[in-house]
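A.B. asks: Fit chain B to the supplied structure of chain A, relying on the hints for placement.
Protein chains: 2
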Amino acid sequence: MQNKKENFSEWYNEILETAEMSDKRYPVKGMNVWLPYGLKAMNMIDLLARELSEDHGIEEVRFPVLITRNQLAVEFEHLKGFEGELYWVTKGGYDQLDIDMALRPTSESAMYPMFSLWIRNHADLPKRIFQIVSVYRYETKHTRSFLRVREIHFYEAHTAHESYEDAERQIGDYMKIWEGLNRTLKLPHVINRRPDWDKFPGAVYTIAADAIMPGGRTLQVATMHHYGENFSKTYDIRYSDESGESHYVHQTTYGMSERLLGAVIGIHGDDMGLILPSGIAPVQVVIVPIPSQSADTASYGAEIMRTLRMEGIRCTVDTRDGYTPGWKYNYWEMKGVPVRIEVGEKEVSSQSVTLAVRTIKGRRKTSLKDLTKSVREALAEHDEKLEYNSGRVIGESVRHAEKVEDMKGQFSYFAYWCGNRECSDRIESETEKNCLGVTLSHPSKGKCVVCGRDGDRAMFSRTY
Amino acid sequence: MQNKKENFSEWYNEILETAEMSDKRYPVKGMNVWLPYGLKAMNMIDLLARELSEDHGIEEVRFPVLITRNQLAVEFEHLKGFEGELYWVTKGGYDQLDIDMALRPTSESAMYPMFSLWIRNHADLPKRIFQIVSVYRYETKHTRSFLRVREIHFYEAHTAHESYEDAERQIGDYMKIWEGLNRTLKLPHVINRRPDWDKFPGAVYTIAADAIMPGGRTLQVATMHHYGENFSKTYDIRYSDESGESHYVHQTTYGMSERLLGAVIGIHGDDMGLILPSGIAPVQVVIVPIPSQSADTASYGAEIMRTLRMEGIRCTVDTRDGYTPGWKYNYWEMKGVPVRIEVGEKEVSSQSVTLAVRTIKGRRKTSLKDLTKSVREALAEHDEKLEYNSGRVIGESVRHAEKVEDMKGQFSYFAYWCGNRECSDRIESETEKNCLGVTLSHPSKGKCVVCGRDGDRAMFSRTY
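Taken in order, these protein sequences are the chains called A and B.
The numbering of the first sequence is the working numbering, which starts it at 1070 and goes up by one.
The numbering of the second sequence is the working numbering, which starts it at 1070 and goes up by one.
This is chain A alone, in the form it adopts within the complex (with noise of 0.2 Å):
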């Protein structure tokens, strides 16, 4: 396996084929294979934004993936930030189509048609949807399995309101609709409100939750935008009010991707392989028996499943021939599984089990009558690790920095700025970080490092 710190890009690619999450050989450059392992662990992911969406009442859609260039055109602003990374269907089969229609590179054009449709009146609000789905873009930068790819997987909520501040709200209920998500997932992440020449095409403003990586860099993991009455004025959605009068409805949306499991593995792997949050594992725990003549290990393991299984513990035991406990052991360390079992004579003799635990150093035993509540301690201990490495990170991994010198390093950055784009483009032209905009989550106030007047807390990096 390649070091991690040494060199990442490297390590990263090697750990998604080692732990067959995704194929990229894929004969379209850009759009790979979802394989079980990997497709599995996103499927905990979508679970739980799901959820979480309903539990805020956002109810869950499904919309068409072409959009015709009719629905496109009218999109002012918001067209032109994606012109260029359009896919565009224009025949069916012998036939060349009356209209070009692209695949969705999101879906405001597809959506907002309808919006306008569906609301009429006051009681018709607020309306709050989302969708889980595959989004196109025609990527001319060059590719990584889930950080960057050309069939994006994709969630998407939006919304409309009867005022801004309602509108407002709800950008609260998204960021609750975050936290809830990253206390299963544990990244180090900032959120930071981008500057309005980098907001979200069409939107009045953009709050991202950048994850910090491994060498500084950052991934933009969820953004949430507020659009005010940009969209519905140009999409004609409108509502009236109790007493009959028309009004614009105001708008939000809130995207998240495949960049959450590219972020998990980046963040929380190591040079053993992956290291995979308890509530997204595909395994919870791995049995592992080994060979004995005078014990039955793996009727004994089989049992463990069963009873691990019967409380809704993921989990599977390796029985397979050939390997020895040495290898599987490093085999699901590799898988990132957050806790393994190995049973041998002394277990089956005394009842017990030894535990390791895939972030803490050692072995523990239990007695088989705790077993399910030794279980339940190890993920608990395991996903507290990783929020422990997670606040290191934050701590490592982003320096406050005093003036623009400071800045040139393999870091991410923190510091005062006025808010003016001459400064921010100065830091950006002698550091080679972007400006992600003031920070949100570690609030404060200073002078510029650029020209002194006040400011606030920012954020630079370099991104991925």
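None of these hints come from the bench; they were simulated from the model.
Misleading hints may appear alongside valid ones.
Each computed DSSO-like pair below joins lysine-lysine, with the alpha-carbon atoms no more than 27 Å apart [claimed, not checked]: (1) Lys1149/A <-> Lys1477/B; (2) Lys1210/B <-> Lys1196/A; (3) Lys1196/A <-> Lys1098/B; (4) Lys1210/B <-> Lys1160/A; (5) Lys1302/B <-> Lys1093/A; (6) Lys1397/B <-> Lys1196/A; (7) Lys1210/B <-> Lys1109/A; (8) Lys1093/A <-> Lys1160/B; (9) Lys1302/B <-> Lys1196/A; (10) Lys1109/B <-> Lys1302/A.
C.D. replies: Quick look at chain B alone, frame taken from chain A:
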């Protein structure tokens, strides 16, 4: 509501709209929006298909939607079956693509180049994968929600085996998956082996489940194909046996789609609206508190909901203002909810509930302490009723014909058939019924209704 018996087609369209399953006003014809209620029911079907697949060792994957012309071109007769129905992506950004790419109409040509990389020797076999994705057909026929659309929600399993016989055993597994799924869906259906000239392009043979729709037409809802070596020779998918000798793999596929939901809706519904089997009902139990001056029926209803949810029963309470209890009963009957619980003053004071089952006349009382048990019994009775109705449909809608002239009515027909095309062509032209092939689920031998030679029981019907 339309009369289902007199005007099935309008009844079907109306119920999809009223129950908010699907919205067909999306600007691309034949591509519809999945609304929350319809999508929830479909998600339940998908969940069953996932569990059954994994129980049978078939692992979930996800392949890209785009297939290059090169991948497709090698597809011999298979491609010819789809050529006129492909959507083509020809542009990316501002550029013409180097090679046109089709939206997947089905995934043989996407998957099998990867099979050729994945499969090296006999230890790699059997290889069994499935995916649940959208597939695309540029339909020229009249479209109808869930039954004939241009973006189809699709389940497809693909397997590779060492021998023809191993692959044939896989078809047996598919049949078990189908039966498992239909234990929940309760669709009246017949299993037929398609005539050679109507098998899937590229298959050695095709077996289909044909559901019996109202009005006597049939709807193909599941297909299983034995591919033999037809595709493996085209895509060069070979394995080495133990002696190192190279062989082509034998392949199979299994396909199902959103038609399953269309069949459930069309077959089980009545003039009150939808009727959903409990296993896929987004809401299994609705609680309607009847407003009262002297008792807090709303909090009593909420308590019942909590109890049922703790037991894993999907349950909601309808506390909407401004609607009468009667209006709410009709609303939830229209939505096809299997069990309704009414709680008024009397129920609160006697610590009981009144239950109504969607498919059974009358109401029943039960004490609060027997709540869960009574609800489970009511759900089971509801499903048994659907099972009973399903059996009745076969008896009533499929007639046995002794001669060709008997096959001209509004039914499906069993008739003995020698297997020759001239004979089935004559039946088709005289009766406007299609030959669905020899019936495997009700086998019997007799003299061909056309030529009098030895034959097998076969099925003839108008099809969707």
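A.B. asks: Would you mind marking each hint as holding or not holding in the structure?
C.D. replies: A quick look at each hint next to the structure:
1. Lys1149/A <-> Lys1477/B: This hinted pair is violated, its Cα atoms lying about 59 Å apart.
2. Lys1210/B <-> Lys1196/A: Roughly 34 Å between the alpha carbons, so the hint for Lys1210/B and Lys1196/A is violated.
3. Lys1196/A <-> Lys1098/B: The given pair, whose Cα atoms are some 25 Å apart, holds under the 27 Å limit.
4. Lys1210/B <-> Lys1160/A: It holds: about 17 Å lies between the C-alpha atoms, which stays within 27 Å.
5. Lys1302/B <-> Lys1093/A: holds, 24 Å
6. Lys1397/B <-> Lys1196/A: holds, 22 Å
7. Lys1210/B <-> Lys1109/A: Violated, at about 37 Å.
8. Lys1093/A <-> Lys1160/B: holds, 22 Å
9. Lys1302/B <-> Lys1196/A: violated, 53 Å
10. Lys1109/B <-> Lys1302/A: violated, 31 Å
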